[in-house]
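Undergrad: According to my numbering, the sequence shown holds residues 114 to 489 in order.
There could be a bad hint or two in this list.
Claimed, not checked - Have a look at the derived ranges for each label pair, beta carbon to beta carbon:
| hint | residue 1 | residue 2 | range |
| --- | --- | --- | --- |
| 1 | 209 | 308 | 33 to 41 Å |
| 2 | 282 | 308 | 40 to 48 Å |
| 3 | 312 | 170 | 34 to 42 Å |
| 4 | 173 | 208 | 24 to 32 Å |
| 5 | 309 | 143 | 17 to 25 Å |
| 6 | 309 | 169 | 18 to 26 Å |
Don't read these hints as lab results, they were simulated from the structure. Treat the numbers as computed from the prediction; the structure is a model and nothing was measured. Note that the Cβ used here is the ideal one computed from N, Cα and C, for glycine as well.
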Amino acid sequence: MTTPVAPTKYASLIDEKSTEYEEVKGRFMKDWVKKEEANNIRVDHILRVHPSKKCSFAFSTYTRRMVQNGKSARLQLYHGTIATCDLINNLMVCTMSTCPMCNIVRGAFDPMYIGINHRNQVMQRFGWGFYLAPDSSKSHFYAGPGERVINGGFRAQRAMLLCEVELGSWRLATKADEERDQTTTREFDCLFGKANTAGLNYSEYCFLRSEAILPSCIIIYSYDLGMRGKVLHYESYNDSSVMLRLVLISLVGLVATTAVSLFLVHSSTSYNYIVGQNASELLYHHFPSLVGILLLLWCAAWCLGCWSWKVTFGALEPPAILPNTLSPGPAPVKPTGLICFLPTGRGWKPMVAISRASGESTPSGSPSLTSLTCPS
114 MTTPVAPTKY
124 ASLIDEKSTE
134 YEEVKGRFMK
144 DWVKKEEANN
154 IRVDHILRVH
164 PSKKCSFAFS
174 TYTRRMVQNG
184 KSARLQLYHG
194 TIATCDLINN
204 LMVCTMSTCP
214 MCNIVRGAFD
224 PMYIGINHRN
234 QVMQRFGWGF
244 YLAPDSSKSH
254 FYAGPGERVI
264 NGGFRAQRAM
274 LLCEVELGSW
284 RLATKADEER
294 DQTTTREFDC
304 LFGKANTAGL
314 NYSEYCFLRS
324 EAILPSCIII
334 YSYDLGMRGK
344 VLHYESYNDS
354 SVMLRLVLIS
364 LVGLVATTAV
374 SLFLVHSSTS
384 YNYIVGQNAS
394 ELLYHHFPSL
404 VGILLLLWCA
414 AWCLGCWSWK
424 VTFGALEPPA
434 ILPNTLSPGP
444 APVKPTGLIC
454 FLPTGRGWKP
464 MVAISRASGE
474 STPSGSPSLT
484 SLTCPS
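With the sequences and hints as input, model every part of the structure.
TA: Printed below as a string of structure tokens:
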């Protein structure tokens, strides 16, 4: 059941029982063609975007001009970007200048951010422009950093934009390298990269004009995380329990090294007994060396125990400031936590355990670690 949310200046929640909701939801699910990208997709909420008068006027003017020139072609395409605010949780568009998703909703596509994706990598296959896709599963990748982990860490939510676009004068891309330099000549308004051509697995469009794109909906959806996002509780892993485990590991190592040492001594005395030497005299002369070897082996076992514990559940500091992907909210927090390694289907992957906040602790005095997620 959708919780009623008051309409805002920028967006309002669409009723789940409405025809509009079902149409957008059905389109989103039908356009999820890359099945391996995520499992068990579900649309949770859809927000209707209320574009500013400036954006609406620019889009309608551009569309009217394309109609007059006989070049009009209207489509609905998806755009995945970052929602660094709490949009997914409270269903409200923020006013922060650092939130790309809400900036687009409040204003328009900003040319200042062209070419940089959420991993701060240059992504300009066809050169300068705004990239949108007809497949929701393709845009899913670019909406990653704003995801919110739910259902005890077994699912995650993301937000994606559905936009009305006017293709205008467009051309088909053949080779990415050849098209990259041509986008700056403005001989066309849009470049279409067709699936299985120009190095593309899935189709995408590169728009050169921001007025050719008008956001219409924000789709909030969820999907299964599998092993990547399972939440583990570390309330019991305080300093005392860690030390206890280290002591137990060391005792096991001590017993093992003692057994090995006794075996070596027994073998040496048996050999010397056979050849006629005095075993007690041998032990008397070599006892300090045997004790030294035993201590070295015991220290090695202790170090191995400490190292293995740190690698497995390691008390290692996470980054000082974590992005809102691991701690959703309007501002990042400085957490305490663990870096762990857990088994997955393709080997061991690093997992980051995040506490509620820096300095917050349980009655036992240890940080309360409540969530465990793994970078994608």
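Undergrad: Against this structure, judge whether each hint is valid.
TA: Cross-check of the supplied hints:
1. 209 with 308: 33 to 41 Å: holds (36 Å)
2. 282 with 308: 40 to 48 Å: violated (22 Å)
3. 312 with 170: 34 to 42 Å: Since residue 312 and residue 170 have Cβ atoms about 37 Å apart, the given range 34 to 42 Å holds.
4. 173 with 208: 24 to 32 Å: Taking Cβ atoms as reference, residue 173 and residue 208 lie about 25 Å apart, which means the hint holds.
5. 309 with 143: 17 to 25 Å: holds (20 Å)
6. 309 with 169: 18 to 26 Å: This hint is violated: roughly 36 Å between Cβ atoms.
Of the numbered hints given earlier, the model fails hints 2 and 6; all others are met.
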